[in-house]
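Q: Take these sequences, add in the hints, and give me the full structure.
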Amino acid sequence: MIRAPHHCVVRDGAVLAGHRYEPATRPRGTVLMRTPYDAGAHGTAAAWWVRLGFRVVVQDVRGRYRSDGRWLPYRSEADDGADTATRLDPPVVAVGTSYGAHCAVELARAAPVAAVVAMVPALGLHETATRNGTRCVRDRLGWWHEHGFGRFSAPPAAPERLDHATETARRRGIDRAPAALGWPENRAAAWRRLWDAPPLDFTDRYADARAPLLVLGGDHDFFAADAVRLAQSWPVDALHVSGPWGHRLLAGVPEPMREALRAHGGPGTVVAAWLGGVLGDRPGPHPRTGSRVLDPDAGWRHHPTRPKERS
Numbered sequence: 001m002i003r004a005p006h007h008c009v010v011r012d013g014a015v016l017a018g019h020r021y022e023p024a025t026r027p028r029g030t031v032l033m034r035t036p037y038d039a040g041a042h043g044t045a046a047a048w049w050v051r052l053g054f055r056v057v058v059q060d061v062r063g064r065y066r067s068d069g070r071w072l073p074y075r076s077e078a079d080d081g082a083d084t085a086t087r088l089d090p091p092v093v094a095v096g097t098s099y100g101a102h103c104a105v106e107l108a109r110a111a112p113v114a115a116v117v118a119m120v121p122a123l124g125l126h127e128t129a130t131r132n133g134t135r136c137v138r139d140r141l142g143w144w145h146e147h148g149f150g151r152f153s154a155p156p157a158a159p160e161r162l163d164h165a166t167e168t169a170r171r172r173g174i175d176r177a178p179a180a181l182g183w184p185e186n187r188a189a190a191w192r193r194l195w196d197a198p199p200l201d202f203t204d205r206y207a208d209a210r211a212p213l214l215v216l217g218g219d220h221d222f223f224a225a226d227a228v229r230l231a232q233s234w235p236v237d238a239l240h241v242s243g244p245w246g247h248r249l250l251a252g253v254p255e256p257m258r259e260a261l262r263a264h265g266g267p268g269t270v271v272a273a274w275l276g277g278v279l280g281d282r283p284g285p286h287p288r289t290g291s292r293v294l295d296p297d298a299g300w301r302h303h304p305t306r307p308k309e310r311s
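Going by UniProt numbering, the sequence shown opens with residue 1, and the numbers climb by one from there.
There is no bait here: all hints are sound.
Have a look at the derived ranges for each label pair, beta carbon to beta carbon: (1) Ala-179 to His-126: 21 to 31 Å; (2) Arg-11 to Met-257: 38 to 48 Å; (3) His-220 to Lys-308: 12 to 22 Å; (4) Pro-304 to Gly-252: 28 to 38 Å; (5) Phe-152 to Arg-3: 15 to 25 Å; (6) Pro-254 to Asp-281: 35 to 45 Å; (7) Thr-44 to Asp-204: 28 to 38 Å; (8) Arg-171 to Asp-208: 36 to 46 Å; (9) Ala-225 to Pro-254: 20 to 30 Å; (10) Ala-4 to His-220: 33 to 43 Å; (11) Met-257 to Ala-188: 38 to 48 Å; (12) Lys-308 to Arg-131: 17 to 27 Å; (13) Ala-24 to Pro-155: 30 to 40 Å; (14) His-303 to Pro-254: 22 to 32 Å.
Note that these hints are calculated values from the structure, not bench results.
Remember, it's a predicted structure, so these values are computed and weren't measured experimentally.
In this text, a Cβ means the ideal position worked out from N, Cα and C, and glycines have one as well.
A: Below, the structure is given as structure tokens:
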């Protein structure tokens, strides 16, 4: 695997940067991964895709790490992703995990790509802030403190500080929480924007997408319901994949269950097979729609219809 610098000038002149990984043989296509979590830290993920025969571009989103601009979460990923994808050799596969999954689906609604793989998707401001009607104040304080501001991620806030800020929000109002963490006014304004954001209408939001989608959720993921909703509302073929993992996927599953899941191939086998069928270069009896569920004892089960939203 060969790694080289990646740079892309987008429509406003900003330079978005990261790394490009090349396979030893002619690539099947280009996987584009966009992330706020440091493109340089994604070498292991890139290597997995390279082993499948893809060129991989891992790009820092606007305002993060190597990329120009100002970091404003959930603001500019459609345009920046589209400008990047149009400069890559096709077929382009949009891939992402967590916030990166948001980047992937935003790209798919803004520019033609061959396929989308969205894993444990964190799709919007409202969607990350509210779960089953409950505000996730402590969780969001932690994420925004660590990742929400500036070019580089900060050290995590101490648990006792998060506890104090969360209690401040409960007792004095959610707008008072930033002061408890010592945030300046510009950060407090971003915090207010988070809680003022309306919920996404998934059907309307992704109506222009034309690429088939594989969305990988998880039974214990914070955003499992949104993965289901995304598959339900996608306007073309969509396959929902899930199993007994959380936001960290198999990395967060303890042994011996992890070994049992790997014995059935793990989610990666379904992703690889689905993509071979979608691109047509490795065809086989791989379903493009419905849902697939991995049970550690029984293995994979396929349901031909898209999943139902959890109550």
